[in-house]
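The lines below spell out each chain.
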Amino acid sequence: MAPLQVDWTVLMRDEFQFVLAVLVLAAGLVAGYVIGRLNKRLLVAAGVPDAVERTPFERTAQSLGTDTVSLVARLSSWFIYGVVVLIALNIAELLNAQLFWSGVLTFIPDLFIAVLVFIVGFVVADKAELVVSERLRSVKLPEVNIIPRTVKYTIVYLAALVALGQVGVDIEALLILLGSYALAIILFSAVAFRDLLQSSAAGVYLLLNQPYGIGDEVRVGEDRGIVQEIDVFVTRIEGDGEEYIIPNRRVFEDGVVRIRD
Amino acid sequence: MADVSELLGDIVDDADAVFLFSPSGSYYDRFADLDSDVELVVVSPENTVGADTFVELPLEFDGVEDRIAFGVEGAMEEGLVDDGDAVVCTTSMFGENTDTATRVRVSESMRSGVYELFAGSRAEPGVIRDVFDVAIELGKKGQKGKPVGALFVVGDAGKVMNKSRPLSYNPFEKSHVHVGDPIVNVMLKEFSRLDGAFVISDAGKIVSAYRYLEPSAEGVDIPKGLGARHMAAGSITRETNATAIVLSESDGMVRAFKGGELVLELDPEEY
Numbered sequence: 001m002a003p004l005q006v007d008w009t010v011l012m013r014d015e016f017q018f019v020l021a022v023l024v025l026a027a028g029l030v031a032g033y034v035i036g037r038l039n040k041r042l043l044v045a046a047g048v049p050d051a052v053e054r055t056p057f058e059r060t061a062q063s064l065g066t067d068t069v070s071l072v073a074r075l076s077s078w079f080i081y082g083v084v085v086l087i088a089l090n091i092a093e094l095l096n097a098q099l100f101w102s103g104v105l106t107f108i109p110d111l112f113i114a115v116l117v118f119i120v121g122f123v124v125a126d127k128a129e130l131v132v133s134e135r136l137r138s139v140k141l142p143e144v145n146i147i148p149r150t151v152k153y154t155i156v157y158l159a160a161l162v163a164l165g166q167v168g169v170d171i172e173a174l175l176i177l178l179g180s181y182a183l184a185i186i187l188f189s190a191v192a193f194r195d196l197l198q199s200s201a202a203g204v205y206l207l208l209n210q211p212y213g214i215g216d217e218v219r220v221g222e223d224r225g226i227v228q229e230i231d232v233f234v235t236r237i238e239g240d241g242e243e244y245i246i247p248n249r250r251v252f253e254d255g256v257v258r259i260r261d
Numbered sequence: 001m002a003d004v005s006e007l008l009g010d011i012v013d014d015a016d017a018v019f020l021f022s023p024s025g026s027y028y029d030r031f032a033d034l035d036s037d038v039e040l041v042v043v044s045p046e047n048t049v050g051a052d053t054f055v056e057l058p059l060e061f062d063g064v065e066d067r068i069a070f071g072v073e074g075a076m077e078e079g080l081v082d083d084g085d086a087v088v089c090t091t092s093m094f095g096e097n098t099d100t101a102t103r104v105r106v107s108e109s110m111r112s113g114v115y116e117l118f119a120g121s122r123a124e125p126g127v128i129r130d131v132f133d134v135a136i137e138l139g140k141k142g143q144k145g146k147p148v149g150a151l152f153v154v155g156d157a158g159k160v161m162n163k164s165r166p167l168s169y170n171p172f173e174k175s176h177v178h179v180g181d182p183i184v185n186v187m188l189k190e191f192s193r194l195d196g197a198f199v200i201s202d203a204g205k206i207v208s209a210y211r212y213l214e215p216s217a218e219g220v221d222i223p224k225g226l227g228a229r230h231m232a233a234g235s236i237t238r239e240t241n242a243t244a245i246v247l248s249e250s251d252g253m254v255r256a257f258k259g260g261e262l263v264l265e266l267d268p269e270e271y
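Protein chains in written order, with my numbering: chain A, 1 to 261; chain B, 1 to 271.
Because the hints were derived from the structure by calculation, they are not lab data.
Glycine included, C-beta positions come from ideal geometry on N, C-alpha and C.
There may be inaccurate statements among the hints.
Some chain B residues judged to face chain A by a derived CB distance under 8 angstroms, without partners named [said to hold, decoys possible]: (1) A157; (2) G158; (3) K159; (4) M161; (5) N162; (6) S201; (7) D202; (8) V207.
Residues of chain B clear of chain A, computed beta-carbon distances all greater than 12 angstroms [stated by the list, open to error]: (9) D10; (10) D29; (11) D33; (12) G95; (13) R103; (14) R129; (15) D133; (16) K141; (17) K146; (18) E173; (19) N185; (20) E218; (21) A228; (22) G252.
The task is simple: from the sequences and hints, build the whole structure.
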């Protein structure tokens with residue numbers, strides 16, 4: 001009997017940290033697994049599989065025999081496993097270089113977030129590309145393909161920036177690039193869409209307050225006729241055999257004369 | 001030895017045109033470079049395959065006969081086929097994919113005015129289709145089980161508004177609902193028990209309900225036996241460029257008027 005019996009007193013007193021480490025390790029493994037499963041459930045319930053469907057990222061994941069949801073779920077499990085292993089090693093006092101390991105301990109969450117941001121950024125970029133190209137499908141112009149691609153790479157670039165910033169890489173130069181890029185887009189759209197923006201701002205007012213409605217006879221500048229249609233950008237006024245399509249911007253600049261007889 | 005594919009030989013022999021109804025992309029590509037003396041026409045709700053000759057199908061016709069009749073009529077209006085041409089049509093009857101081939105002889109009697117109604121109207125085809133959908137559904141179900149009548153005047157809303165007067169407060173005042181919005185069918189159903197006409201703009205905005213149309217009925221020639229609602233529909237379309245779609249309360253038929261004439265008559269029960 002005696003040789004087989006475990007010496008509990010020794011175990012509880014002298015080698016206690018090893019027992020604790022094993023316990024923490026076991027609990028951590030279970031927690032990691034459970035949280036991974038839970039994460040997967042949550043993601044599925046939130047409709048993520050539908051949202052990422054048909055994106056290239058999902059397709060790549062599927063060709064590797066997995067999918068985006070399990071990838072993210074497994075990532076969270078691995079993160080917990082990693083942290084737990086480190087904690088267990090610490091408790092067991094197998095590690096002496098405290099400074100080095102505390103550095104690693106703070107680095108691992110950052111790395112985890114960076115990877116997560118990168119995956120999410122990639123999926124969102126793919127999805128945005130799909131949505132934008134779907135919206136532009138009715139435009140039968142081959143060059144229009146550049147817009148969805150620009151959207152995609154902009155989002156990937158942003159995600160990469162956040163991810164790199166998270167792990168502490170110096171991203172100052174990239175930020176400057178981003179700033180000039182954003183400035184270029186703002187300048188370009190300010191010049192290109194100025195009239196449209198003005199018209200739509202006026203159109204929102206016209207639609208909300210309806211100073212004139214369909215069927216009213218009005219005069220805008222020189223154009224006089226019956227209002228046929230009002231939308232965000234233009235007002236259609238039909239005169240004698242002529243239909244004036246007037247940008248709402250002009251309605252505001254010239255003012256409207258409602259004609260009552 | 002006879003071959004099974006010879007079954008189709010008689011159907012496709014010396015055809016003047018081939019109509020592909022809603023073909024899939026790969027199906028179209030297989031036939032895209034067919035003999036040059038056979039006209040290849042794609043008939044579908046949207047030109048998704050990028051075909052050169054294309055006839056738009058504004059409604060998803062369930063009946064194959066109607067679908068083909070509409071496609072042929074549209075092609076006739078666009079001058080793609082003429083009286084006496086033999087047309088081979090491939091379409092789907094039972095499933096999603098093309099499973100049926102049939103041969104049609106084009107004749108002038110196939111001109112029913114439906115295509116003209118959709119393609120030649122001032123309002124957008126989709127708007128007219130949506131109004132038809134509402135009228136047909138209303139005709140099928142009625143309002144709370146009782147048959148109702150309704151009058152929709154579509155397009156040229158500005159002129160129509162000037163040739164009519166309100167019977168009461170306009171429930172659509174300052175609203176921005178369009179036909180085809182999901183909630184609208186219910187709204188129109190509820191408002192259909194009110195007297196008067198619905199006025200709908202070219203882009204589908206519901207401008208007004210409760211409108212009393214007051215065009216002059218002079219020179220309007222509609223079949224005898226139709227009531228005041230149809231007469232009003234006929235006259236308003238003669239004086240404006242609008243299209244009027246009427247659901248008859250007495251016989252439950254949906255009729256469309258354009259230019260003061262009855263151009264289409266259909267039974268809601270068949271759709």
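Okay, the hints, checked on the actual structure:
{"no.": "1", "hint": "A157", "in the structure": "holds, 5 angstroms"}
{"no.": "2", "hint": "G158", "in the structure": "holds, 4 angstroms"}
{"no.": "3", "hint": "K159", "in the structure": "holds, 6 angstroms"}
{"no.": "4", "hint": "M161", "in the structure": "holds, 3 angstroms"}
{"no.": "5", "hint": "N162", "in the structure": "holds, 6 angstroms"}
{"no.": "6", "hint": "S201", "in the structure": "holds, 5 angstroms"}
{"no.": "7", "hint": "D202", "in the structure": "holds, 6 angstroms"}
{"no.": "8", "hint": "V207", "in the structure": "holds, 5 angstroms"}
{"no.": "9", "hint": "D10", "in the structure": "holds, 39 angstroms"}
{"no.": "10", "hint": "D29", "in the structure": "holds, 18 angstroms"}
{"no.": "11", "hint": "D33", "in the structure": "holds, 21 angstroms"}
{"no.": "12", "hint": "G95", "in the structure": "holds, 23 angstroms"}
{"no.": "13", "hint": "R103", "in the structure": "holds, 33 angstroms"}
{"no.": "14", "hint": "R129", "in the structure": "holds, 18 angstroms"}
{"no.": "15", "hint": "D133", "in the structure": "holds, 22 angstroms"}
{"no.": "16", "hint": "K141", "in the structure": "holds, 30 angstroms"}
{"no.": "17", "hint": "K146", "in the structure": "holds, 32 angstroms"}
{"no.": "18", "hint": "E173", "in the structure": "violated, 8 angstroms"}
{"no.": "19", "hint": "N185", "in the structure": "holds, 22 angstroms"}
{"no.": "20", "hint": "E218", "in the structure": "holds, 22 angstroms"}
{"no.": "21", "hint": "A228", "in the structure": "holds, 23 angstroms"}
{"no.": "22", "hint": "G252", "in the structure": "holds, 31 angstroms"}
The structure fails hint 18 only (numbered hints given earlier).
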